[in-house]
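Participant: Sequence:
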Amino acid sequence: MRAAFTRCILQIIFFSDFANKLLQVLRLDTMKFDKSITMWLRLFSFTNVGLKAALALVTIVIFAAIFEIISFFFFFLFLTQLSGDTNEITASEPLLNGVLLFLRENPFLGFSLQQGLIVFILLGLSLREFFNYLKLILNRKWMLEVEFNLRKKLIETMLNAELVFTEKVGAGVLTDLAGQKARDAGKLFQVVAQLSNLFVTVTAYLALLLFSTPAIGIVAILIGTLFVIVLNKSVQIKRRYAQKIVKYTQDMSQKIERSYVLRKTIKLDGLVDQELIVLDGQFKTISGATLSAERAGVLLSSSMMILIITGSLLATDIAFRNSYVDLSYLSAGLVMVIRTLPLMLGVHRLRNVVASFGPSFEALESIISEFSINREKKGTKQLSGRGGFAVQISQLEFSYLDMGEKKTLKDINLNLTAGQTVALVGSSGAGKTTLINLIAGLYKAKQGIIRINGLNLSELDLDQYRSMVSYQPQDVMLFDGSLLDNLKIRNPTVEGDTIQSLLNLTNLTDIVLSLPKGLDTIIGERGHKLSGGQAQRLSICSNILKNSSMLIFDEPTSFLDPKNERVLTELFNELAHTHGKLVVIVTHSWEVVKFLDRMIKMKNGEIIYDGRPNKRLIQNV
8 MRAAFTRCIL QIIFFSDFAN KLLQVLRLDT MKFDKSITMW LRLFSFTNVG LKAALALVTI
68 VIFAAIFEII SFFFFFLFLT QLSGDTNEIT ASEPLLNGVL LFLRENPFLG FSLQQGLIVF
128 ILLGLSLREF FNYLKLILNR KWMLEVEFNL RKKLIETMLN AELVFTEKVG AGVLTDLAGQ
188 KARDAGKLFQ VVAQLSNLFV TVTAYLALLL FSTPAIGIVA ILIGTLFVIV LNKSVQIKRR
248 YAQKIVKYTQ DMSQKIERSY VLRKTIKLDG LVDQELIVLD GQFKTISGAT LSAERAGVLL
308 SSSMMILIIT GSLLATDIAF RNSYVDLSYL SAGLVMVIRT LPLMLGVHRL RNVVASFGPS
368 FEALESIISE FSINREKKGT KQLSGRGGFA VQISQLEFSY LDMGEKKTLK DINLNLTAGQ
428 TVALVGSSGA GKTTLINLIA GLYKAKQGII RINGLNLSEL DLDQYRSMVS YQPQDVMLFD
488 GSLLDNLKIR NPTVEGDTIQ SLLNLTNLTD IVLSLPKGLD TIIGERGHKL SGGQAQRLSI
548 CSNILKNSSM LIFDEPTSFL DPKNERVLTE LFNELAHTHG KLVVIVTHSW EVVKFLDRMI
608 KMKNGEIIYD GRPNKRLIQN V
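If you're matching positions, the sequence shown starts at 8 in the numbering used here and goes up one per residue.
Hints may contain errors.
[Said to hold, decoys possible] Derived lysine-lysine pairs resembling DSBU-like cross-links, with alpha carbons at most 35 angstroms apart: (1) 451 to 417; (2) 148 to 59; (3) 175 to 159; (4) 451 to 291; (5) 414 to 622; (6) 142 to 159; (7) 385 to 254; (8) 553 to 570; (9) 451 to 553; (10) 175 to 142; (11) 262 to 251; (12) 570 to 610; (13) 453 to 175; (14) 451 to 414; (15) 388 to 417; (16) 251 to 59; (17) 601 to 417; (18) 262 to 413; (19) 553 to 536; (20) 142 to 194; (21) 413 to 385; (22) 291 to 59; (23) 384 to 553; (24) 159 to 536; (25) 385 to 610; (26) 160 to 414; (27) 251 to 142; (28) 413 to 175; (29) 262 to 291; (30) 194 to 291.
Simulated from the structure, these hints should not be mistaken for lab results.
Given only the sequences and the hints, what does the whole structure look like? Please build it.
Facilitator: Structure representation (structure tokens):
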């Protein structure tokens with residue numbers, strides 16, 4: 008309806024063919040207009056007050072524009088007083104005549120008419136600045152809220168999505184989205200708010216021009232339309248480059264994250280220069296696209312500005328010499344044109360900024376939407392108590408999203424019972440980690456069933472189920488905090504005596520005593536202030552203190568010496584045999600396996616052995 012109405016109006020004003028071309032250049036189609044409006048509203052939805060912020064902003068912007076126009080109205084009256092043509096002008100404008108008559112008959116605080124007009128001009132400008140101050144403060148506040156809430160939403164949806172979908176994003180891309188892209192979205196919010204302010208102000212000035220000096224007003228509108236038509240192309244070019252830059256920066260973030268993870272290998276193998284060459288190439292790609300985006304329309308906008316000012320001055324000279332326009336009207340009109348032109352340039356500049364930052368916001372929204380669509384589906388059934396676990400796996404099969412028809416697990420049938428220690432062995436890629444991820448409820452089985460104490464895992468309340476499972480992945484997971492924080496993070500109510508007893512069992516007591524602040528010592532992100540073996544044992548202790556019914560460890564002794572490896576193996580057996588836990592251990596070490604109750608060997612996604620530990624079978628792993 009809106010597009011049809013616009014087309015009708017333009018066809019009335021111009022020839023039909025020209026109207027069609029104009030609509031094509033301006034891209035006045037309903038879908039894109041709706042997309043811009045909905046993006047604006049979506050940005051506001053990420054403030055703490057939601058769409059109320061949009062209403063507040065529009066109200067503030069309108070009041071600021073009203074008081075600016077009021078100030079200009081009194082400024083025009085002031086010019087008519089100075090020109091000496093007051094009677095001639097006001098006689099033709101009843102509104103102006105009425106205002107001047109009221110001010111003459113009701114002197115403001117004893118001021119003369121001219122002084123009173125100056126006071127009203129300053130009062131209007133002061134009120135305008137007050138609303139501008141409100142707008143700036145609220146814009147800044149809401150910008151920070153948008154930036155933070157987007158980050159929070161990204162992390163929230165990522166943590167609640169199915170793990171298999173989040174793994175394909177990549178840590179570098181996620182860091183870039185939560186960092187630079189969230190900042191860009193915050194800036195986009197501020198720019199959109201500024202753009203709405205400029206739009207209202209320009210519209211108000213053009214309306215006032217049409218009211219006061221119709222000739223100048225019509226010329227200004229035509230110039231503005233021409234300005235938008237000519238510069239719209241540069242906005243489209245900038246947006247295309249911005250979409251490419253989003254992809255390039257995500258790739259670069261992923262490479263930087265890779266460099267950090269592989270920093271030891273890069274150092275040892277002399278690959279530093281090679282890494283820097285790769286980064287240089289990516290930087291050149293990003294900078295080239297960025298500069299091309301900036302060049303789009305710069306010369307054109309500058310040329311347009313010079314052309315418009317030159318044309319306005321020539322038109323003014325002709326109009327004044329031929330007495331087409333009164334001096335007061337002409338002066339006021341020129342002031343409005345001079346005020347309006349920078350605003351129109353500002354609108355164009357901000358449109359370019361929106362074109363640059365828009366793809367960042369859309370990239371964030373896209374990944375948040377994908378995470379939300381693939382949110383974990385949690386059942387409602389509850390497991391009773393914290394007793395022993397019985398795990399029954401029937402005809403289980405699993406494939407990763409990017410693996411096509413290739414199956415990582417094939418027809419897995421397995422029963423695990425409480426009170427036993429189970430070794431899961433096999434060469435790399437056999438499917439061991441995938442299987443324990445499925446048992447832990449991190450992956451969802453596409454075919455087959457996993458039952459926990461007779462209940463289908465897909466129907467269980469996952470939060471309650473996971474509270475009864477301890478799982479230590481192959482990478483040691485520690486948090487930036489103290490030793491005590493990490494020990495208690497999974498069970499904040501655990502008693503100090505229990506902690507101390509476990510530290511004694513795992514040979515960590517002497518290490519704790521040697522630290523400057525004991526258990527209160529800060530260990531850094533991922534425990535980087537500890538050795539690999541110390542961090543591994545600390546993480547194992549934290550998982551044991553959770554007091555879960557089932558404990559799953561992926562390569563728990565990979566950083567340990569034989570003595571501590573044996574200590575932990577004995578501890579695992581004690582947890583199973585004395586406390587009735589189900590303990591599943593992924594390992595390649597025969598020195599661990601030989602002391603466990605059961606060994607399951609996997610190969611190419613299938614179970615090829617299930618029985619007592621067998622040294623001959625593990626030697627080939």
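Participant: Please go over all the hints and tell whether each is borne out by the structure.
Facilitator: Hint check results:
1. A C-alpha spacing of about 15 angstroms is found between residue 451 and residue 417, which places the hinted pair at or below 35 angstroms, so the restraint holds.
2. Straight-line distance between C-alpha atoms of residue 148 and residue 59 comes to about 14 angstroms, which keeps the hinted pair within the 35 angstroms bound.
3. Restraint check: the Cα-Cα separation between residue 175 and residue 159 comes to about 20 angstroms, which is no more than 35 angstroms; the hinted pair holds.
4. Restraint check for residue 451 and residue 291: not satisfied, since their Cα atoms lie roughly 42 angstroms apart, outside the 35 angstroms limit.
5. A distance of roughly 28 angstroms separates the Cα atoms of residue 414 and residue 622; the hinted pair therefore holds under the 35 angstroms criterion.
6. At most 35 angstroms may separate the alpha-carbon atoms for a hinted pair to count; residue 142 and residue 159 meet this at roughly 25 angstroms.
7. For a cut-off of 35 angstroms, the pair hint linking residue 385 to residue 254 stands: about 33 angstroms separates their Cα positions.
8. With a CA separation close to 25 angstroms, the supplied pair residue 553 and residue 570 stays within the 35 angstroms bound.
9. At roughly 24 angstroms between alpha-carbon atoms, residue 451 and residue 553 fall within 35 angstroms of each other, so this suggested pair holds.
10. The straight-line distance between the Cα atoms of residue 175 and residue 142 is roughly 41 angstroms, outside the 35 angstroms bound, and the hint therefore fails.
11. With a CA separation close to 17 angstroms, the supplied pair residue 262 and residue 251 stays within the 35 angstroms bound.
12. Restraint check for residue 570 and residue 610: satisfied, since their Cα atoms lie roughly 30 angstroms apart, inside the 35 angstroms limit.
13. For the given pair, residue 453 sits about 18 angstroms from residue 175 by alpha-carbon distance, which is consistent with the 35 angstroms threshold.
14. Of the supplied pair hints, the one linking residue 451 and residue 414 holds, its CA atoms being roughly 14 angstroms apart against a limit of 35 angstroms.
15. Distance check on the hinted pair: residue 388 and residue 417 sit about 28 angstroms apart at the alpha-carbon level, within 35 angstroms; holds.
16. For the given pair, residue 251 sits about 34 angstroms from residue 59 by alpha-carbon distance, which is consistent with the 35 angstroms threshold.
17. A C-alpha spacing of about 27 angstroms is found between residue 601 and residue 417, which places the hinted pair at or below 35 angstroms, so the restraint holds.
18. For the given pair, residue 262 sits about 28 angstroms from residue 413 by alpha-carbon distance, which is consistent with the 35 angstroms threshold.
19. Only pairs whose Cα atoms come within 35 angstroms are accepted, and residue 553 paired with residue 536 is accepted, the gap being roughly 24 angstroms.
20. For the hint linking residue 142 to residue 194, the alpha-carbon distance of about 15 angstroms falls within 35 angstroms, and the restraint holds.
21. Between residue 413 and residue 385 the alpha-carbon distance is near 27 angstroms, which keeps this suggested pair within the 35 angstroms criterion.
22. Distance check on the hinted pair: residue 291 and residue 59 sit about 43 angstroms apart at the alpha-carbon level, beyond 35 angstroms; violated.
23. This hinted pair checks out: residue 384 and residue 553 have alpha carbons roughly 24 angstroms apart, not beyond 35 angstroms.
24. With a C-alpha separation of about 29 angstroms, the suggested pairing of residue 159 with residue 536 holds against the 35 angstroms cut-off.
25. With a CA separation close to 31 angstroms, the supplied pair residue 385 and residue 610 stays within the 35 angstroms bound.
26. About 33 angstroms separates the Cα atoms of residue 160 and residue 414, which keeps this hinted pair within 35 angstroms; it holds.
27. Restraint check for residue 251 and residue 142: the C-alpha separation of about 33 angstroms stays at or below 35 angstroms, so the hint holds.
28. Among the hinted pairs, residue 413 with residue 175 is consistent with the structure: their alpha-carbon atoms are about 17 angstroms apart, no more than 35 angstroms.
29. In summary, the hint linking residue 262 to residue 291 is supported, as the alpha carbons are separated by about 15 angstroms, within the 35 angstroms threshold.
30. Annotation: proposed proximity of residue 194 to residue 291 holds, straight-line Cα distance about 24 angstroms (limit 35 angstroms).
Figure legend: structure checked against the earlier numbered hints; hints not met, in rising order: 4, 10 and 22.
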